[in-house]
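Protein chains: 2
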Amino acid sequence: MQQPEAILTIAGTDSSGGAGIQADLKTFTAHLCYGASVVTALTAQNTTGVQDVHGVPPGFVVQQIRSVLSDINVRGMKTGMLFDNDNTRAVAQTLKQHMGSHQVPLVCDPVCVSTSGHVLLHPDAIDTMIDELFPLSTLVTPNRSEAELLLSRRNLPAQINNLEEMLAAARNLLTLGPAAVLLKGGHITVSSAEIDQLSASDATIHTVRDGLPSENMEILQTAGTFTSDDVLVVDVLCQSDGTVTLYPRPRLESTSTHGTGCTLSAALACQLSRGESLVEATRLATAYTHLGIETAASIGKGHGPLNHIHSLSLLNIPPYVIVPLDAAPDLTIYSRRTAGNPHPLTRALIHSTRGIWKEYVQHDFVILLGKGTLQRESFLHFIKQDYHYLKYYARAYALLASKSHSFEPILAATETVFHIARESSMHKSFCAQWGITAEELENTPESPATTAYGAFLIDTGLQGDTMKLVMALAACLLGYGEVGLWLKKEAGQRGSWVKWEGNPYLKWMEDYSGEDYQKAVKVGLETIESRAAADPPSLARFEEWRGVWERCTRLEKGFWDMAMNLS
Amino acid sequence: MQQPEAILTIAGTDSSGGAGIQADLKTFTAHLCYGASVVTALTAQNTTGVQDVHGVPPGFVVQQIRSVLSDINVRGMKTGMLFDNDNTRAVAQTLKQHMGSHQVPLVCDPVCVSTSGHVLLHPDAIDTMIDELFPLSTLVTPNRSEAELLLSRRNLPAQINNLEEMLAAARNLLTLGPAAVLLKGGHITVSSAEIDQLSASDATIHTVRDGLPSENMEILQTAGTFTSDDVLVVDVLCQSDGTVTLYPRPRLESTSTHGTGCTLSAALACQLSRGESLVEATRLATAYTHLGIETAASIGKGHGPLNHIHSLSLLNIPPYVIVPLDAAPDLTIYSRRTAGNPHPLTRALIHSTRGIWKEYVQHDFVILLGKGTLQRESFLHFIKQDYHYLKYYARAYALLASKSHSFEPILAATETVFHIARESSMHKSFCAQWGITAEELENTPESPATTAYGAFLIDTGLQGDTMKLVMALAACLLGYGEVGLWLKKEAGQRGSWVKWEGNPYLKWMEDYSGEDYQKAVKVGLETIESRAAADPPSLARFEEWRGVWERCTRLEKGFWDMAMNLS
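Taken in order, these protein sequences are the chains called A and B.
Residues in the first sequence are numbered from 541 upward in steps of one, following this note's numbering.
Residues in the second sequence are numbered from 541 upward in steps of one, following this note's numbering.
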């Protein structure tokens, strides 16, 4: 994991979790940032309104800020509800001290009144916020009513009913001291024509049309992607260098807007902490917030919260697995590739098919072979069929080479073709030892089990991508490695059931437990795990891999059934 | 989005974000649950210790709980630091009332003392917690020192130094009233032999060995997956039916343990809210917590927080995109498939290649064709080469059919082969109209641009999976649709530069802007978007798709260059 940026919010709580530090912490988490939070006031609140407020003493607010800033390398900050004049001053002064020696972007969300109309900042605190906090702020993010309140407080024109007045208001707010102002336009409907007109009239005004039709996408518009050009909302970003950026988006009809301002300012703090420009941070943070409203689930009886987790998915294997186990379906196993568990995918594959995997690697064939009591006909039938199988197996690696993009995997797969050819010489020598000529071996008809398995490999290779083919090749590579190691380990026990010296099949056991083959197993494991870590599968894709693995495990078992049955 | 489970935590805050309601909210979010939180006390705290505590009045605690529970359908609850006797009683009584009419699992984390030694629960509150909160609890989750404190309070044997004493302690704690006890063993080292011995002695004891070697995984152990059997830690789950479950894991050497208890109990509440059994919820929650410690980044100067987000990844397209734009590399576009934006992947593909895409769909060839002034030789050269190209294109769809798994995509691709054959008859009739015989058409040598594009389609189809082939087929399908729509739209403008009636290439424009072709475009768009939504790509895979799309867009442009140059 890379080190996450630490972001600090200084704000009130929302017991219902949709706004305040709760929304901030969720937003930080959804941006994969680390969240710290200082509480200025507690609210007993839900989606229908604010039932009660409990202010926190300014000295305790200061102590919280110091506890965080003295210990944690905070890379971005935001303020929300500051509650009263003393707390506002205490926050501003403590931050000013810190920012004297630390460059940290600060987003000030000038929370004054809740969506439900509850006063969240005492009127006398507004001046303190303007005088002491705005000058520290990288960005101030008022909505319409907050902007009107702030402007009227300074006897500036405070009517904001259209885009032109939004622009004027944002420019006036900029004179109050912050480095930039983002005036949120969620409550004012604007048409595309108005935006074009305003842009045309002033070269300092740029428009970021992320949420609107782009050039050369007629096919998407015809297919109904975009809503009408006439019901847009626009956020206006004004920077101290005089540049203005407009962010038009389709207006959403939704009541899931509780905590919109908290969420936006929290997302801005995350983006700014990563060094994004104000223009880019605003593009990303407004997009995140817009989608949070658009994808919100219904929670509570009033104005519900945004969906803060629309940006997230649970990881599948690796590093995360959701594995239907034989014993208990639908279990979830968490496993990330770590030093302690470097093979999460392979482990999940084996674990999820552990019944059939055990029937394969501890097959009667293997046990009798280990005891040295396996019928010679069975072994010879197996070795002849395995000889045919190895041709498919070599062809499948050649196919893998032909499907690969760069020399490293092309050569690795090609090397394996040679390895398989060498492996087949063991088969020839077993046959020779027991009087079967090379010609007889070559002319032995293929059993259905051999054709099924071999052709399945080739078919899988032709159907899917290289990783799917790697999955198909794994059951054989890993399973024989497992059998070799198991027999060798068992042979090492005192009074073991495995007969090692003098076993007619000793060479077979030596080959698969030997260094050469086990090295190939390790390389195979690393290939599987590193490819999966670099290109983590969706759940659907993981299931596809698992399906191929399971199928091959069954075909392996079938192969030894065939040997036992001489079928 | 499915409706997330709402989980409530009732606990103290941790300003530094690693423990308390902050850890709880992060854990809820990491489980894709919706978090609400009631604050019982504020702490000014960081990784080095607790600097100050500010208790919240019991009446305000009750009001917060009521605000949440009266509005939000809470599916799981946990309690953490309750601070003092009044708050403990207030919480217990308010929850008791609610739980009289609502079945909600409650996890009680009996927080008494911080990792750094700070008292977080007044001693007189401990009895209240036992008497009033334990009987309501689905599960109580003490660590060793909390268990010792609780037991000594009731004059029960309170020495916990080994596995046997852990088991006895857990059973004794169960007599205090909760439905189950999870005694956390992070501070006690246990060997595998002790676990086996204990399990063998008592049939009610089961072991979940998630974090330890399983059967038939010799290959993974040899490759160094697992640590020694002798430095394990064990969590012990005791249920009221008498069953005991042990969860052994390798002991982690880490100082990133601040908030471990909060995190575990929060994760338990999430799992229980989804109806997981206690055994399974404990397996998942302990695994989540273990991995949080193992993958923690270094934050703060003391005992740092766990990594709460190890379970998460940011979504790629769709629903999330990280697109390197021509204009500004490394921009992130958030776009989830929603009613307002049903084609996020296609949009991202076009947007990310918008320069070359425009050169393709607004090629001079297209503009001159629209004007009706395109040289007949250029058009004829194009139409003859396109005829050859369509054979590759038909073969690529046949290849797509051959790589598909079920009849629906097999038949859809096969239908398209017929469509392409019909499309090619337009080419024949253009040729016939201008005196080129069918034989001459068929014998026209392929231009390199045709071979490059056609062979690239087939090669891509052979290299990758079906989605990669779909990507390769998209630039032609969608681009010609875009050209057709654009010309038709432009033709509809007053005084248009496009000559519609009387244009020698009218049939070509009619065909690609017509209903039949545009329907194919819509089907293609739906295929692309629905497949990507069902199997969201990793970033690596998305980049692979984008690479194929961009390559084909360039080959399309090259195709019209060829027509203009008669090359």
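I should point out that these hints are in silico values taken from the structure, not numbers from a laboratory.
Treat the hints with care, since some could be wrong.
Copies of one chain are not kept apart here, so a pair can be met inside one copy or by any two copies together.
To be verified - The calculated EDC-like cross-link candidates involving lysine to aspartate or glutamate, where the alpha carbons are at most 16 Å apart (straight line), are: (1) Lys1028 to Glu1041; (2) Lys1008 to Asp1075; (3) Lys898 to Glu755; (4) Lys1029 to Glu755; (5) Lys911 to Glu1055; (6) Lys1008 to Asp592; (7) Lys911 to Glu704; (8) Lys911 to Glu1030; (9) Lys1029 to Glu734; (10) Lys911 to Glu1041; (11) Lys1059 to Asp624; (12) Lys1047 to Asp1101; (13) Lys1029 to Glu1050.
Values in this document were obtained by computation on a predicted structure and should not be read as measured data.
Here is how each hint holds up against the structure:
1. For a Cα distance limit of 16 Å, the shortest separation of Lys1028 from Glu1041 inside one copy, 11 Å, qualifies, whereas the shortest one across copies, 83 Å, does not.
2. Taking identical chains as interchangeable, the C-alpha atoms of Lys1008 and Asp1075 lie at most 16 Å apart whether they share a chain (13 Å) or sit on different chains (15 Å).
3. For the identical chains of this complex, Lys898 and Glu755 are inter-copy neighbours only, at 8 Å across copies versus 58 Å inside a copy, given an alpha-carbon limit of 16 Å.
4. With identical chains, the CA atoms of Lys1029 and Glu755 are at most 16 Å apart between copies only, with a shortest distance of 13 Å across copies and 67 Å within one.
5. Within a single copy, Lys911 and Glu1055 get their C-alpha atoms no closer than 22 Å, and across copies no closer than 72 Å, so neither meets the 16 Å cut-off.
6. Taking the shortest alpha-carbon separations for Lys1008 and Asp592, neither the intra-copy value of 58 Å nor the inter-copy value of 56 Å comes in at or below 16 Å.
7. In this assembly of identical chains, Lys911 and Glu704 lie within 16 Å of each other by CA distance neither inside one copy nor across copies; the values are 90 Å within and 41 Å between.
8. In the homo-oligomer, the alpha carbons of Lys911 and Glu1030 lie at most 16 Å apart inside one protomer (11 Å), although the nearest pairing across protomers, at 82 Å, exceeds that limit.
9. Neither within a single protomer nor between protomers do Lys1029 and Glu734 lie at most 16 Å apart by alpha-carbon distance, with minima of 79 Å and 23 Å respectively.
10. In this assembly of identical chains, Lys911 and Glu1041 lie within 16 Å of each other by CA distance solely inside one copy; the values are 11 Å within and 88 Å between copies.
11. Proximity of Lys1059 to Asp624 under the C-alpha cut-off of 16 Å is found in neither arrangement, the shortest distances being 69 Å within a copy and 61 Å between copies.
12. For the homomeric pair Lys1047 and Asp1101, neither the shortest alpha-carbon distance inside one copy (22 Å) nor that between copies (64 Å) is at most 16 Å.
13. Taking identical chains as interchangeable, the C-alpha atoms of Lys1029 and Glu1050 lie at most 16 Å apart only when both belong to the same chain, with a minimum of 12 Å there against 74 Å between chains.
Consistency with the previously given hints fails for numbers 5, 6, 7, 9, 11 and 12, ordered from lowest to highest.
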